[in-house]
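Trainee: As a plain string of letters, each chain reads:
Protein chains: 2
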Amino acid sequence: MHHQRIRLDSLHEKIMSAAQAAAFIHDGMTVGMSGFGGAGDAKAVPLALIERARQDPLKINLITGASLGRGLDGQMAEAGLLARRMPFQGDPVLRKAINEGRVVFIDQHLSEVVEQLRDGSLPNPDVAVIEAVAITEQGHIVPTSSVGNSASFAQTARQVIVELNLASSPYFEGMHDIFLPHGRPGRGPIPIISPDDRIGTQAIAIDPAKIVAIVLCDTPESAIPMLPPDHETQAIADHLVAFFEQEVEHERLGRSLAPLQVGVGSIANAVMCGLIDAPFSDLVQYSEVLQDSTFELLDAGKLKFASGCSITLSGPCGERVFGNLDKYADRLVLRPQEISNHPEVIRRLGVIAINTALEFDLYGNVNSTHVGGTHIMNGIGGSGDFARNALLSIFVTKSIAKDGAISRVVPMVSHVDHTEHDVDILVTEQGLADLRGLAPKERAELIINNCVHPDYREALRSYFTAACAKGGHTPHVLSKALSWHINLQETGSMQVAAASV
Amino acid sequence: MHHQRIRLDSLHEKIMSAAQAAAFIHDGMTVGMSGFGGAGDAKAVPLALIERARQDPLKINLITGASLGRGLDGQMAEAGLLARRMPFQGDPVLRKAINEGRVVFIDQHLSEVVEQLRDGSLPNPDVAVIEAVAITEQGHIVPTSSVGNSASFAQTARQVIVELNLASSPYFEGMHDIFLPHGRPGRGPIPIISPDDRIGTQAIAIDPAKIVAIVLCDTPESAIPMLPPDHETQAIADHLVAFFEQEVEHERLGRSLAPLQVGVGSIANAVMCGLIDAPFSDLVQYSEVLQDSTFELLDAGKLKFASGCSITLSGPCGERVFGNLDKYADRLVLRPQEISNHPEVIRRLGVIAINTALEFDLYGNVNSTHVGGTHIMNGIGGSGDFARNALLSIFVTKSIAKDGAISRVVPMVSHVDHTEHDVDILVTEQGLADLRGLAPKERAELIINNCVHPDYREALRSYFTAACAKGGHTPHVLSKALSWHINLQETGSMQVAAASV
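Residue numbers (UniProt numbering), protein chains in the order written: chain A, 1 to 501; chain B, 1 to 501.
Next comes chain A alone, as it looks inside the complex:
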């Protein structure tokens, strides 16, 4: 079977075991691996590296597209394999290692990693490990369910290891659109005018002589846990649909809205599913990770086309989609993350960006990454790429967490990933605040009235009143600004502080 998948005969002699392939990777090397949102990651070579690291000291600097699936990031951290890790992760074990200082983590805008490789401010990978569904007659690599940074890794690494996943649907071939901007000066535009434009090649063009190993594997796509919509996420979706309806009524949006980007996770997925019964049609996505909701909207005939850089599905949805990929192939394109998240394209298309906030504050600043201002959760991912350049930059979150011990709306966020200048709309299950064209104090009024949980509303209003008494364009009581977070650290709840302000 793998002869149809490796169509350049001379490469057949490169087939070897994962352990043999992993031997190309030495201590201290920088390794670029495929994988984005747990999709399209190399599955065999990382396990072989983990095995080796458990025997002998072995540390690598690992760059990926984004998060890896199957707990690989955690296993690598546990085995002591990771010296440096970038640009994103989402694994509880790795997260703990980062926060304890055992792994150095660089949290980056996902569109920028390749720019930094290209301009030499980050070292190019010594070895790239790329999952593929096929190798073409020219020796070019056809990725599986994500593109991520794989094209750049394969082109810039000195050596390339291909993991040929025989379990991947052959219908992935043709779904990718590989385009990378040229170097500078003389770089031209990225010629995407519509989300369904194809501007590149179907495979990653490299010199096949760089392929030093091909590892066969037969491991199904990772399945991502996805919580069903609940009362709060449904309310968030309803507020957003009502807002879109109002925008259509005022002719600021048409019935097909604008190209949609939706962040990763259960809340964003539930919000997107809220569009199934909404009075919009011919929707398109220009997004990063395509989740279950993409396919539910495609199946419902609501979504015409989806552009992304990976497909990350829950178990049941994955079975349905990956088992019938031919049904979807002509309505999907997967691009390098540099292109799916490129400021140029996002600004040109006028994307509606919907991402999840960890917390936001009175004035619309958003924390997406740091619990309590200090402990990393996952990373900024693509949220900044989209929020900064979107037509509408929307952040959603439930208004409280941990049974009300935490308010997601606070006087001052403990870490800023998206500034007041980059946030248009905030939504909780309580309601929606449209901050466009408003000054800081006007935003605060709206956020207090519309977004904060009733248990925290009076406390936030008291803070704001006390702050306004001190004057300024963006009033704060500096000695109280972080008091909710401090009380959470000290007492396990923000509410103590809330009552005392």
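Treat each hint with caution, since some may be false.
Below, a list of computed lysine-lysine pairs in the DSS-like style, where the Cα atoms sit at most 25 Å apart [unchecked claim]:
(1) A:Lys398 / A:Lys441
(2) B:Lys59 / B:Lys96
(3) A:Lys441 / A:Lys402
(4) A:Lys327 / A:Lys302
(5) B:Lys402 / B:Lys96
(6) A:Lys402 / A:Lys480
(7) B:Lys480 / A:Lys480
(8) A:Lys470 / B:Lys96
(9) A:Lys96 / B:Lys96
(10) A:Lys14 / A:Lys210
(11) B:Lys210 / B:Lys59
(12) A:Lys398 / A:Lys480
(13) A:Lys304 / A:Lys327
(14) A:Lys470 / B:Lys402
(15) A:Lys441 / A:Lys470
(16) B:Lys480 / B:Lys441
(17) A:Lys59 / B:Lys59
(18) B:Lys398 / B:Lys441
(19) B:Lys210 / B:Lys14
(20) A:Lys96 / B:Lys441
(21) B:Lys402 / B:Lys480
(22) B:Lys470 / A:Lys402
(23) A:Lys441 / B:Lys59
(24) B:Lys402 / B:Lys441
(25) B:Lys480 / A:Lys470
(26) A:Lys480 / B:Lys398
(27) A:Lys210 / A:Lys59
(28) A:Lys441 / B:Lys96
Hints are computed from structural coordinates only; laboratory data are not their basis.
Given chain A, work out where chain B should sit, using these hints.
Mentor: What follows is chain B alone, placed relative to chain A:
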């Protein structure tokens, strides 16, 4: 003389006094005025409006390119003329009015104002007031020393008032390149591949029937105070030149570096002047405001070409340049601020962006706008447009202010305009920190060692040590994070707190 300047005869009957023209502007209107960095602003109609507002209640919502010159913003605030003001200002009197809540100010990325007018999330101006050097045979408007948002204001306003400034050099004609992106969907790329590319028209095309008034004036360009380089700014420039030399040595930059953007003000201007004697050649600028340094570099034969959206000069430099504009005309282009600051073009060209920070913190977050976290200084201006999308995002500041009472390097900034994700290089007179590819704790070490003033170094190190003891990816002691600012408020100096941490 004005007959050569108003070349569409039918418009001659529209000539009237400033007071007559100002009568087109009614209470409650939104007015779009030319003006950017104190250049190219309307000079007569605003004075007539101020006069009226002193007699009768008159309030307008004022949108400009950026700051106005000649104290106009302050006079308008004092006369109670301003209800809402956006997207930038730099006037001490207006600043006070904003911080005291008498004027509502909306502080915006300068590239985004027109997008929000276009998509309907801000109201279009009722009346536009545009300074011009000429009106063409077609009735199109030729701006003076800035383009700013004038093209969009003139095209979207219902009525247009032109202030024909007879004191402006006729050599401004031909220097402008007016290009505006189309609406969506179907918007195409902005076809600038090189900073000297011309992609638009030389005048602002509008239906001349919209021109309701032409006011003749004869007021010279505003002169902007510009402090000469001092010991500290020279040291900042030296650190930056040494850094660029190292980048050239490592072949990450060529001898002509990359297109340069430099923020407004004496520090950034002095840094730019530091390139006059540096071993680089054939420099180009793709910037926003072109200041004295642009012309000093042009005169020195160091700079080949400069693209901007306004020319803002000191008195002596203005006399030299505006009196000999023909000498410079073929090496300059002035564009709408949407284009000079456009993420698409900045990212494509790979701009080196040098902007001034009000303060920055241990981890590289930058505050550009808010004194003490609460009181607006000027606004974010174009710094975010450039910093986010630049090849190299550089922020400069002196390490201390007010004779050492203030450290510009703090544990946690009191307001974030540019997040850790968007800042590559920090420079003070003490030294330079290259943050590229570093994790938060690595950045902190470098900033403490290289950038902070010796008077604050041990205090910042103590804070960092205490923070690290609490763990986390980005360690902080939340109860002390803003203590330096609090002590400044309470005692007039950060040093008390610095000593006690």
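Trainee: Indicate, hint by hint, whether the structure satisfies it.
Mentor: These are the hints, each one checked on the structure:
Distance check on the hinted pair: Lys398 (chain A) and Lys441 (chain A) sit about 23 Å apart at the alpha-carbon level, within 25 Å; holds. Of the pairs offered as hints, the one joining Lys59 (chain B) and Lys96 (chain B) holds, with about 18 Å between alpha carbons and a cut-off of 25 Å not exceeded. Among the hinted pairs, Lys441 (chain A) with Lys402 (chain A) is inconsistent with the structure: their alpha-carbon atoms are about 29 Å apart, more than 25 Å. Taking the CA atoms of Lys327 (chain A) and Lys302 (chain A), the gap is near 16 Å; set against the 25 Å cutoff, the hint holds.
About 20 Å separates the Cα atoms of Lys402 (chain B) and Lys96 (chain B), which keeps this hinted pair within 25 Å; it holds. Straight-line distance between C-alpha atoms of Lys402 (chain A) and Lys480 (chain A) comes to about 22 Å, which keeps the hinted pair within the 25 Å bound. Note on Lys480 (chain B) and Lys480 (chain A): the hinted pairing holds, with a Cα-Cα distance of about 11 Å set against a maximum of 25 Å. Only pairs whose Cα atoms come within 25 Å are accepted, and Lys470 (chain A) paired with Lys96 (chain B) is accepted, the gap being roughly 14 Å.
The straight-line distance between the Cα atoms of Lys96 (chain A) and Lys96 (chain B) is roughly 47 Å, outside the 25 Å bound, and the hint therefore fails. Among the hinted pairs, Lys14 (chain A) with Lys210 (chain A) is consistent with the structure: their alpha-carbon atoms are about 11 Å apart, no more than 25 Å. Proximity of Lys210 (chain B) to Lys59 (chain B) is assessed by CA-CA distance (about 23 Å); at most 25 Å being required, the pair is judged to hold. A distance of roughly 23 Å separates the Cα atoms of Lys398 (chain A) and Lys480 (chain A); the hinted pair therefore holds under the 25 Å criterion.
With a C-alpha separation of about 13 Å, the suggested pair Lys304 (chain A) and Lys327 (chain A) falls inside the 25 Å cut-off, and the hint holds. Between Lys470 (chain A) and Lys402 (chain B) the alpha-carbon distance is near 22 Å, which keeps this suggested pair within the 25 Å criterion. Only pairs whose Cα atoms come within 25 Å are accepted, and Lys441 (chain A) paired with Lys470 (chain A) is accepted, the gap being roughly 13 Å. About 18 Å separates the Cα atoms of Lys480 (chain B) and Lys441 (chain B), which keeps this hinted pair within 25 Å; it holds.
At most 25 Å may separate the alpha-carbon atoms for a hinted pair to count; Lys59 (chain A) and Lys59 (chain B) exceed this at roughly 66 Å. Proposed proximity of Lys398 (chain B) and Lys441 (chain B) is supported: the alpha carbons are some 23 Å apart, at most 25 Å. A distance of roughly 11 Å separates the Cα atoms of Lys210 (chain B) and Lys14 (chain B); the hinted pair therefore holds under the 25 Å criterion. For the suggested pair Lys96 (chain A) and Lys441 (chain B), the alpha carbons sit about 16 Å apart, so the restraint of at most 25 Å is met.
Note on Lys402 (chain B) and Lys480 (chain B): the hinted pairing holds, with a Cα-Cα distance of about 22 Å set against a maximum of 25 Å. This hinted pair checks out: Lys470 (chain B) and Lys402 (chain A) have alpha carbons roughly 22 Å apart, not beyond 25 Å. Restraint check for Lys441 (chain A) and Lys59 (chain B): the C-alpha separation of about 20 Å stays at or below 25 Å, so the hint holds. Taken as a hint, the Lys402 (chain B) and Lys441 (chain B) pair is broken in the structure, with Cα atoms around 29 Å apart against an allowance of 25 Å.
The straight-line distance between the Cα atoms of Lys480 (chain B) and Lys470 (chain A) is roughly 21 Å, inside the 25 Å bound, and the hint therefore holds. As the CA atoms of Lys480 (chain A) and Lys398 (chain B) are separated by approximately 29 Å, the hinted pair breaks the 25 Å bound. For the given pair, Lys210 (chain A) sits about 23 Å from Lys59 (chain A) by alpha-carbon distance, which is consistent with the 25 Å threshold. Taking the CA atoms of Lys441 (chain A) and Lys96 (chain B), the gap is near 16 Å; set against the 25 Å cutoff, the hint holds.
In summary, the numbered hints that this structure violates are 3, 9, 17, 24, 26.
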